[in-house]
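Residue-level listing of the chains:
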Amino acid sequence: MTELASRLDDVAQRFDAAVDRANDEQALESVRVAYLGRNGEVTTVRRAIGTLAHNERPAAGKLINDAVAAMERRLQAAYEELESRSFDAELATSIDVTFPSIRRPAGSIHPVRRIIEESCAYFVRHGFAVVIGAEVEPDYYNFDALNIPNDHPAREGFDSFWISDTLLLRPHTSPMQIRTMQEHRPPIAIVAPGKCFRRDAVDARHLFQFHQVEGLLVAEGIHFAHLKGMLTGLCRELFGEQQNVRFRPSYFPFTEPSAEVDTTCPKCKGAGTLKSSPMGCNMCGGSGWIELGGAGMVHPNVLREVGYDPDRYSGWAFGFGVERLGLARYEVDDIRRFTKSDPGFLAQLS
Amino acid sequence: MRVPVSWLREFVTLPPDARAIADRLAMLGFPVAEIERRPTITGVITGRIADLQKHPNADRLQVAQVDVGADAPLTIATAATNVTAGQTIAVATIGAQLPGLTIAPRTMRGVASQGMMISAEELALPGDWFEDGIMQLESSCALGADVVDLFGLETAVLDVEITTNRPDAMSIIGLARELAASYGTGLRLPQIVNPGRAAEPPGEEPNVLIESQDCYRFVCQRIDGVRVAPAPAWMRVRLALSGQRPIDNLVDVSNYVMLETGQPLHFYDARAIHGGRLIVRSAHDGENIVTLDGVTRTLSPAALVIADDERALCLAGLMGGAVSEVGPTTTAIVLEAANFNGARIRRMSNALALRTEASARHEKSLAPALTDLGAARAAALLWDLGATVYQPHAFGGPVTRAAAIALKVADVQRLLGLSLHAQQIERHLTALGCEVDRVEPEVLAVTPPAWRCDLAIAADLIEEVARIEGYERIPVVVPSVAPHEISSGAFALESRIAGALEGLGYREIITQSLRDAGSVEVRNPLSEEQRFLRDSLVPGIVEYLAENASPARIFETGEVFRDEQGGLVEESLLTFGFSADPLDEPPWRDSHFLALKGDCERLLRKITGRDAETKRGTQSGFHPGKTALVTLDEREVAHLGRIDPRLAKAADLQRPAYLCVVNIASLPAYETPHYRVPSKYPSTYRDVALVIGVDVAARDVERAIVATLGSLCTDATVFDEYRGPQIGQGCKSLAARMTLQRFDATITDEEADQAVSLLLDALRKEFGAEIRT
Ligand SMILES: [Zn+2]
Chain L
1 MTELASRLDD VAQRFDAAVD RANDEQALES VRVAYLGRNG EVTTVRRAIG
51 TLAHNERPAA GKLINDAVAA MERRLQAAYE ELESRSFDAE LATSIDVTFP
101 SIRRPAGSIH PVRRIIEESC AYFVRHGFAV VIGAEVEPDY YNFDALNIPN
151 DHPAREGFDS FWISDTLLLR PHTSPMQIRT MQEHRPPIAI VAPGKCFRRD
201 AVDARHLFQF HQVEGLLVAE GIHFAHLKGM LTGLCRELFG EQQNVRFRPS
251 YFPFTEPSAE VDTTCPKCKG AGTLKSSPMG CNMCGGSGWI ELGGAGMVHP
301 NVLREVGYDP DRYSGWAFGF GVERLGLARY EVDDIRRFTK SDPGFLAQLS
Chain X
1001 MRVPVSWLRE FVTLPPDARA IADRLAMLGF PVAEIERRPT ITGVITGRIA
1051 DLQKHPNADR LQVAQVDVGA DAPLTIATAA TNVTAGQTIA VATIGAQLPG
1101 LTIAPRTMRG VASQGMMISA EELALPGDWF EDGIMQLESS CALGADVVDL
1151 FGLETAVLDV EITTNRPDAM SIIGLARELA ASYGTGLRLP QIVNPGRAAE
1201 PPGEEPNVLI ESQDCYRFVC QRIDGVRVAP APAWMRVRLA LSGQRPIDNL
1251 VDVSNYVMLE TGQPLHFYDA RAIHGGRLIV RSAHDGENIV TLDGVTRTLS
1301 PAALVIADDE RALCLAGLMG GAVSEVGPTT TAIVLEAANF NGARIRRMSN
1351 ALALRTEASA RHEKSLAPAL TDLGAARAAA LLWDLGATVY QPHAFGGPVT
1401 RAAAIALKVA DVQRLLGLSL HAQQIERHLT ALGCEVDRVE PEVLAVTPPA
1451 WRCDLAIAAD LIEEVARIEG YERIPVVVPS VAPHEISSGA FALESRIAGA
1501 LEGLGYREII TQSLRDAGSV EVRNPLSEEQ RFLRDSLVPG IVEYLAENAS
1551 PARIFETGEV FRDEQGGLVE ESLLTFGFSA DPLDEPPWRD SHFLALKGDC
1601 ERLLRKITGR DAETKRGTQS GFHPGKTALV TLDEREVAHL GRIDPRLAKA
1651 ADLQRPAYLC VVNIASLPAY ETPHYRVPSK YPSTYRDVAL VIGVDVAARD
1701 VERAIVATLG SLCTDATVFD EYRGPQIGQG CKSLAARMTL QRFDATITDE
1751 EADQAVSLLL DALRKEFGAE IRT
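As you go down the protein sequences, you meet chains L and X in turn. For the first sequence, the positions run 1 to 350 when our numbering is used. For the second sequence, the positions run 1001 to 1773 when our numbering is used.
Next comes chain L alone, as it looks inside the complex (with noise of 0.2 Å):
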């Protein structure tokens, strides 16, 4: 019995060594078989039990299971120092947060798609429906239908790329308003987005490719008010909720009244002058408005042409230029910067 108490003694000391030298966890794990394991210094002491006397045995079980207990502590005292001291390793490191990122690559949808969304999606909540459609289109979609016959003087503010005799690259996205009104019987509701051409000279506030968004809303009872209306919250969805929106008495053969659209110019807030420049405000030329685009009441003979009775049926339409918006909105200086899509441009505006 003393016997196998000494060698306890001897094996627990050792085990402390071992313990203390240890200084991973695969080490302590070795002593751990070394000493606990199956096939280990304590099962070889555990062994001895067996030629003691058998009223010593007891007493013998719970020493070593005592021992065992104590070694099992300490063992488990070291694994917590071990990990406390990984983590203090690893705690101590640091780096420079301010590193370059990885960066994915970034896609993008051209500002023009993001005005044309943004703006069709405010009247998508207000009802409206999106239509688009060719860009090709027949004279009669274009002109005749929509109150300019030929000779008209007006079919000269739309110079136009022609394919046929009676073929022409829309100058407007209006051929998708006849289109519809065609198909469907009022209420008609839709925002007509879409690709225009016209052979305007390009410079910094011309393109001869651009984009257009139509609207049109046709139905029993509609009036200016409800132009006035819709118009100037898209001004303010597109712009901010300060937005200010002017009417102006315009001409178009397919609108009768008819307007040109201002909204305020959001460089200079409508000031026309800037605290940086002092020529004026170069985004609006020192009016304080920039000019979106034309609207009206649609012409009776429209509605007459595409089988409404214009004195039951009343509508508005508007169209404006999203090139335009976008050089009001993201205050960009050269309206060419939206064809070249340059990738600095782009990555600016997404």
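Hints were generated in silico from the structure; no laboratory data involved. All figures in this text were calculated on a predicted structure; none of them were measured in a lab. Note that the Cβ used here is the ideal one computed from N, Cα and C, for glycine as well. Just to be clear, a hint being listed does not mean it is correct.
To be verified - A few chain L residues facing chain X, derived, Cβ under 10 Å:
1. Phe-87
2. Ala-89
3. Val-130
4. Ile-132
5. Val-202
6. Phe-208
7. Tyr-308
8. Phe-338
Claimed, not checked - Derived CB-CB ranges, DEER-like:
9. Arg-1311/X x Arg-205/L: 57 to 63 Å
10. Ser-1550/X x Arg-205/L: 26 to 32 Å
11. Phe-1743/X x Glu-80/L: 45 to 51 Å
12. His-1421/X x Ala-201/L: 21 to 27 Å
Got chain L; can you put chain X with the ligand on it based on the hints?
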């Protein structure tokens, strides 16, 4: 149109600030592009040279005594050479301010000069449009009057834009009328009465033969006793402020009347009209005319001319001819105030590439009634200049009164959303010159004034009411839209495609639809490089990739056009892809291609809810060995691959480009995926390595594995390929992994091994595959 505010003020009382007037014009539908401010000029008065002597001490100077209506004349020394005693001139007195100059007392070679006689240029008028030296005024001018006030020199000039429907407003009176109606102040129109009463001397009665239906009215008047000289100063100043160069009294009168009333006029030298009558007719084919600008023009019958019995004298509504031009020897003229079909004049103007102030008005179809007004005004001015004016003669149709338009008061509210009483409506329309009768309590009968040809229907009148009331008075109301069946599907599809590609790391670009190649030609291109409609998005994208120095990942959606059996076919395409530096890979592998294919599969899955299949294919412009056709449900929807390196070289591409072209219309509708409950039993896998012919497609091996093992195999994927000397010529090694799983029990190793050996037999049979372990 350049509009001197001082000229407007002759007819209507206006606020002092030009900006306020410009804003008001804009809100009436006449935007002002520019407000040209005039410099401040003070202390310039009219004077008469009472006496003129040589300067005692200087050969080049003279000393004038100038009567300015005061007690004593002013002594003024001058170096000007165009002064003589008795002339009325403008004098800048001591203290006067001119642009960049203040007049101070000074002594010129011993003579104390009390001011300066001045030229038009010193009044900030275009110097070369006026006489050299001192500006000459009329003797009728009151002495000592302020020249700035007299000529309206200090008020601004507005550059007013006038819409094509309002040729009546292309005139000072027209715009003054608009402002008077808007401000609610009266219009002070002079009583314009034609002074011509007397009959012409026998044989000189003007006669007009109208052979063309495109001339509606022709007022004609003979005026004798004219003498070409400079026009009065006030007229020359007004013309100059309006941007018209003064020429001589006759030309200036016709321009002045056109600017004031809107009616273009033409004066013929009476001697040049052979046969004594004017004929309005179409030009003979090949007929020549030398116009006033000195250009010889060959005409076609599309041109309308005013001719005499022998030759064309004038291009109707456009420009006179040299042969009947008035000049220094002219003593008698025939005045023309005519009205033409605007479309005819516009076509002629386009065909001859000739645009004038007259054609700009005629081509918009003027009101026939203006002819009488224009003739009367010109006759009155010439009368004032001392000419003998005979009676006017009108040819062509009579000036008819427009029919009354019925306007329901309720329709104003219905179209504007602004409630107005009948009296308010009546007041606005009356202010614009309409005659308004109340036929029923709520229905007005409105007769437009003779000069407003654009007013034809009730909606036209409602716009007039809104303009005068002010558009800003119309309320702002958000409509509630009733439900309808119109679909947003096509737009939504494009938006989803763009959104998906954005998520896959592609940037959207927009390139030009007009290019230097294609099968659909534009008749009137802006340049040769833009003669055709594109038939593919690829060239534009390749060009974009070539222009950008760094690798780029981009996409574009857009229309392409083809000519098919004479019919035009338009399609919506998507093209996306990237340029990338070549990888260090064996020639039989291209990871860029596989990456693009992966993006294509992701995109199609997201848009259609379906999994795409690819097979080898060819496509013009693409690398013949690195091109795939993409199908959904057996239907071809796209192709993708590496751009043909020869084409890339020609386009100056610095690195390989990979593009995928999707036909948007061919995409099937989105199919909602359904959840399939997976087996609750664990799966196992087996890898096999096969040596097979290089032409066997990996996808076919995968398909064969699934087909052979049936429901036991939940997935089969080729994960490696190798070619090399160990494999042998014409062969490649493929490694594939199959996942095996049962729904009713855990699959055992024995089952799995048995399945694999079954499979290997099948692969040997189908592909002649040799199995490596
Ligand atoms: Zn501004």
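Status of the hints after comparison with the structure:
no., hint, verdict
1, Phe-87, "violated, 36 Å"
2, Ala-89, "violated, 38 Å"
3, Val-130, "holds, 4 Å"
4, Ile-132, "holds, 5 Å"
5, Val-202, "holds, 8 Å"
6, Phe-208, "holds, 6 Å"
7, Tyr-308, "violated, 14 Å"
8, Phe-338, "holds, 7 Å"
9, Arg-1311/X x Arg-205/L: 57 to 63 Å, "violated, 47 Å"
10, Ser-1550/X x Arg-205/L: 26 to 32 Å, "holds, 30 Å"
11, Phe-1743/X x Glu-80/L: 45 to 51 Å, "holds, 47 Å"
12, His-1421/X x Ala-201/L: 21 to 27 Å, "violated, 49 Å"
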